[in-house]
Structures are given as structure tokens and as C-alpha cells.
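Engineer: The primary structure of each chain is shown beneath.
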Amino acid sequence: MSINRRGFFKVLGVTGAALAIGREVKAAPAGNGEIDFRGILYDSARCKGCHGCEYDCADANGLPVPEPVKDDLIVRSTGETRRTVVNGYNTSKGKVFIKIQCMHCNEPACASACLTQAMHKTKAGPVIWRGEKCMGCRYCMVSCPFDMPKFEYHSANPKIQKCDMCYNRLKTGEAPACATNCPNEALFYGTRRQLIAEARKRIVENPKLYADYLYGEHEAGGTCWMYLSPVNFRELGLKNIQKASYPALTKGFLYSVPSIFVLLPAFLLGIHQATKKENQTIEEDES
Amino acid sequence: MNQTKSKIFTPFNIISVPVILVGLVLIVIRFWKGIGAVTNLTQEIPWGLWIGFDVVTGVAFAGGAYVVTFMVYILKMKQYQSIVRVTVLNGFLAYVFYAGALLLDLGRPWNVINPIIGNNFGVNSVLFLVAWHFLLYMIAQLIEFSPAIAEWLGARKIHKVLSGMTVAAVIFGITLSTLHQSGLGALYLMAKEKIHPLWYNEFIPVMFFVSSIFAGLSMVIFEGSITHRVFASQISSKDHHAQNPIVMGLSKICAGTMFAYFFLQVLVFIHEKHWGLLNTPMGYWYLLEMIGFVLLPMALFFYSYRRNNILLIRTAAILTMLGIILNRLNVTVIGFRWDATAHYIPSWMEVVVTLTVIFTEIWIFRWVINRMPVLRSSPEWAKH
Ligand code: SF4
Ligand code: SF4
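Chains as they are written, first to last, in this note's numbering: chain A, 4 to 290; chain B, 689 to 1072.
Think of the hints as simulated: they come from the structure by calculation, not from any bench. Glycine residues also receive a C-beta, built at the ideal position from the N, C-alpha and C atoms. Some hints could be false.
[To be verified] Computed footprint of chain B on chain A, listed as stretches where at least three residues anywhere in the stretch have a Cβ under 8 Å from a Cβ of chain B:
{"#": "1", "stretch": "128-139"}
{"#": "2", "stretch": "143-152"}
{"#": "3", "stretch": "159-165"}
{"#": "4", "stretch": "193-200"}
{"#": "5", "stretch": "259-271"}
[As the list claims (entries may be wrong)] Beta-carbon label-pair distances, calculated as ranges:
{"#": "6", "chain 1": "B", "residue 1": "V716", "chain 2": "A", "residue 2": "E135", "range": "21 to 27 Å"}
{"#": "7", "chain 1": "A", "residue 1": "G82", "chain 2": "B", "residue 2": "L712", "range": "27 to 33 Å"}
{"#": "8", "chain 1": "B", "residue 1": "A1030", "chain 2": "A", "residue 2": "T183", "range": "44 to 50 Å"}
{"#": "9", "chain 1": "B", "residue 1": "T1003", "chain 2": "A", "residue 2": "L266", "range": "34 to 40 Å"}
{"#": "10", "chain 1": "B", "residue 1": "I998", "chain 2": "A", "residue 2": "K279", "range": "29 to 35 Å"}
{"#": "11", "chain 1": "A", "residue 1": "K279", "chain 2": "B", "residue 2": "T1003", "range": "34 to 40 Å"}
{"#": "12", "chain 1": "B", "residue 1": "E881", "chain 2": "A", "residue 2": "R49", "range": "27 to 33 Å"}
Take these sequences, add in the hints, and give me the full structure.
Structural biologist: Following this line, the structure appears as C-alpha cells:
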């Protein structure tokens, strides 16, 4: 259906496209694939579950100091007071940790959902939230496949909380707080290309240690956070989601809008004119 | 008018006034303490009753306006002329109140003008499209309805200008409706893994559009059966007699579009190969919706049309409406993160606020009906 529609659109909608989404049609495909975003490679094989990054994150972002973790194996999620958590899992290779936070998708569902562009994919890579634009509709939360944006339900001036890869630090040339401070070097900060190369290298050098999979390389159309792990990512609670980009799911619909906007009124007007003639005599009778 | 004023203690008033008062208090609390103070929404389920019922379902029921204006102004089916105004009024108020309920759900409503004044156009966003269409469609409906206001005020010159704009507004309105009725479904396209597979498919927009036709018409049938009783004194005997054939005609259209809708649902079901899911609790729920609230009312519409049975048609209309509520809630609330550990069940406060919205709308509806020529026929001067 969407393919048909797009073909249909190609023929008819070239002018229509300019009407409603012209600017974006040019801008959007301009290759989020080509920009070499910055990101972080997280290595589960190195993480010892010290939770230090949770404290660093809270500190860097003015969030409350995290509660000490009593039991690693109780799975926690991020929330309006914590942008990242490290959870432990009992896996086929013993206890393995995983840090979760916003994945900073290459083509973020949240940003394409946002009607005010408050959620924004920066050229550097981080997906940031801009409070002065946000109207709190929470459509970003509905759309994010990783359920990462969190909302302050108990505030009259609520914010969306999620990891922004320490965008302010990045602007001054620093690395994100978590990546700077990890004592076990489980977090490797760099451009996406560097991350992929580094991940490949680690897998090749140590094939026994790693599962041969880089989570985030293709998930959701590619993400800036990527995961290496000793076990299948599903054992660590990561979702098995589609490889294609999420905004692409609405493209078919959005692309059909301009053509409907051009064709339907013309069509309706046509019927209106046609029926007018037929009915003229009746109408005259009535009035 | 005096008559209506004298009856203050009607059952409707006795129920609606306290509910509205409590609702207003809750709305104050909501803006003062945050959305979490009155709703049960969670981080996983950020949209609940206010979006899933008030906005998504309410707008589907308001679909009658674009269908009826299409029939009367575009296809020139003159026999439906007498229900145009009341349907458009209903549609307009539904948009103002149900789409307006969206404002209650916004965490930072003071920024709502951002996407309107154009400093931040999220043109890739389906919600952006839907919000704009709501706004424009309200204007189109106001234009469609405005001759009634002019007649009430006795503004003859303006009446002529406004009447001249009707067809343009209708064409514009139908286009907008087609797009935002389907757009409401398209909102959920990105929630691919979050909606139960029996309700998620890439055709949600088409389903929402097609079902909005019979949802809207069932609402017209239902609303007509009530207004013709409550406001009987205003309706001319000619219009009153015309009502049954109108209901008959509408039921035929309902049956036809429901057949198309059911067919589509079956096609999608077969295409997605969901046989295994049928024998699960969600599967039974799905079957109940499809058989009990689509197939059954469709058959009833067909049957009662043939049998000329108005009462049965009304039953079918009510069943259809229940089915629409069920369907919209299944996509937006019940089937949304059906696998989440913490389920969302609306709080009593969310329900009261929803009722407040509905009751206030009915109050305004009654206020307008009692003053403007909506059910009543237009003054003589306006007919030429
Ligand atoms: S993980 Fe979610 S919040 Fe983060 S960029 Fe992707 S879609 Fe946006
Ligand atoms: S809640 Fe804010 S950031 Fe999220 S989609 Fe709505 S306006 Fe955008």
C-alpha cells in the first residue's frame, strides 16, 4: 500500500509536495546516514556494575543523588529523576550488567513525533529536549520505541527528562560525564564510525568473550549508543525491534497528504458542479 | 423559551451540574499540582482516557458532519437538508470540546501556540498535521454553521455573504476531515511494537477513516432520536415526518460502509496471519469487537432497513457506537502496552473530567438550539 501510494505520489504530487512539506522533503533524507554522529559504545563485558555512572549523570544534570542499589538483579527503569540506570541480569554466562538510557537514534521517532521541534536531533548526534518549545503533549513518549522520554507528572511546570548525552559538555569539547568517569572503561566515546570499528576490533580480537552482534548498529535505523555484550542482547532485556527507521512508518501517510489536499477538493468541486446541473430544475421548483 | 427556562430541575440538570462543578475543581487541581495529581498515567502509558476517549473517539463521532455535508452539498441529496444544521452544530461543538480537551492533557499548555504561530513547525509530525486540521476544520464548520447565527441575530447582509461561503467551507471541511480522521490513526503508526498486533497494522489510518463514516452517522441517528423527543416543540411536522426516511437512508449507508470496513479488517487479519493470536484473551476481546460490535450491528442495519424498523436501527446505532468506543480504546489504551507490568486504568477523576467535558458540551448545544434556527426552520427572509 505505502509503496503504491508513494509511486502514485511521485507522479501526481510533485507540486503538492511543495505545498505542505516541501522544506522537509528536501531536508530530511539529506542523509542522516551520511553524517558521522558522535555516540558511545557500551561494553557489557567490561562493566562491573559499580553504578558510578548513575551518580555522575545525576551530578552533571542536577538530578537528585541516586538511592544506593540494594539488589543488582532487580530491574529498574529510567525515570523523571534518573536518566540512566545499570541493571544486572543472570545470563547464560553469569551475571552481566547493562546500562540503559536514550539511544540517540540516527532518525529519532521522538523528534519526528514532536510537533514543536522541542525534541531535536543535533548535528553532533545527541537528541536534546528544548523546554522553551515543548508543550508537554507526550507524543514523543508514545512514539519512542525504547520508552526513554520521561515526564514529570507531579509538576505544574513539567519537563521531559531523558539523557541528552551531556550536550552542554559536548559543546565545550568535553566527553559525556559517564564516559569520562567510568573506572572500567566500559564506555567508549567517539564518532559512530569509530565506535563500529572499535566494536569490530574487540569482537575479532576476543571472539570467545563477545557475542558477534553490535546492538544499535541497525536497530531503529541505527542509534548513537551501541552495545557489545558477551550474551545475546535479549538476555539483557534489550528489545528486539525493527531495523528500519521509525519515522519512515509515517512517511507513507504524510506523503499522501499534499496529493489528497490537491486532488480531493478538485474532485469534490467536480461532483458539485455536475450535480448542480442535474438538480437545477428541482432547485428552481423548490424556491 | 420561557418554557425551557421554567424547567430547572430536569434529570439532566440534576446530574450534570454537580459533575461539572466537581470537574472544574479537578481541572484546577490538575493545573496546580500537575497531571499526575488527577490521572493514573504512567511513564509507559502517557496517553489515557483524555486522549483515547475524548479526542480520538469524540472526533470519530463528530464525523457525521463531514459525511452529511458531503451528501447534501456535494451529492445534492436534498432529503437530508433538515439534519445538516444540527449535525454541523454537533460536529463543531464536539471539536471545540473534545479536541479542546487536548489542552487539559498538555503538560506545558502555554507553549501550545508554538506550532501555530510558526516559530516551530514540526512538519514531520503527524500530530502537527492533526492539530492544524482540527483548528482549520473548526473554522470551516463555524462558517458552515454561521448562517444560523446570522438568522438568529437578524443580520441579513452578512447572512448572504456567509451562505455564499458554505460550499467552499464544505469542500475544505471534507478534505480536512478525510485527512485528520485518518491522521488520528496515523498518530499511532510509530508505536509499532507497543500496540497489540491484532490492532496494529499499517492500515490504521484507513480503518479510522472508514469507520468514522458510520461512527458519525450512528451518532446522527442516536442524536436525532433524542433531539426529536427533547426539542419536539421546535420541529415542524414536515421535518418530523421526514425524519424516519432519513434514518432509513442513513442506516443503509452505515450498513454499506460497515461492510467495507469489516471486509478490510478481515483482509488485514488474513494478511498479517494472526490466527495463533485468536485463541488468547486478547483474541477473544478482538473477536467480541469484530463480531459483536461490527458484524452484528451491520446485520441489524441491513435487516431493519428492509423491515422498516426504526427501533431496531436505533439499537444498531447504539451498538455501532459502543463498537467504535471499543475499537478506539483498544488501539489507544487497552491494546497500548497491553504487556506492560503496570496497567493503566483511568482514575475516577479522569472519568469525571471527561463527563464534565461532555455535559458542558450538551449545555451549550441546548443553549444554541433554544435560540438559533437549528431544528426550527429559518425565518422567511433567509429562505431566498
Ligand atoms: S531512544 Fe527514544 S528518546 Fe532516545 S532518540 Fe531514540 S526515539 Fe528519541
Ligand atoms: S512532549 Fe514536548 S518534546 Fe515530547 S513530543 Fe510533545 S512537545 Fe515534543
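Engineer: Each hint needs a verdict: does it hold in this structure or not?
Structural biologist: Consistency of the hints with the structure:
no., hint, in the structure
1, 128-139, "holds (count 6)"
2, 143-152, "holds (count 5)"
3, 159-165, "holds (count 3)"
4, 193-200, "violated (count 0)"
5, 259-271, "holds (count 6)"
6, V716(B) x E135(A): 21 to 27 Å, "holds (26 Å)"
7, G82(A) x L712(B): 27 to 33 Å, "holds (31 Å)"
8, A1030(B) x T183(A): 44 to 50 Å, "violated (35 Å)"
9, T1003(B) x L266(A): 34 to 40 Å, "holds (38 Å)"
10, I998(B) x K279(A): 29 to 35 Å, "holds (33 Å)"
11, K279(A) x T1003(B): 34 to 40 Å, "holds (38 Å)"
12, E881(B) x R49(A): 27 to 33 Å, "holds (29 Å)"
Violated hints for the displayed structure, listed by number in ascending order: 4 and 8.
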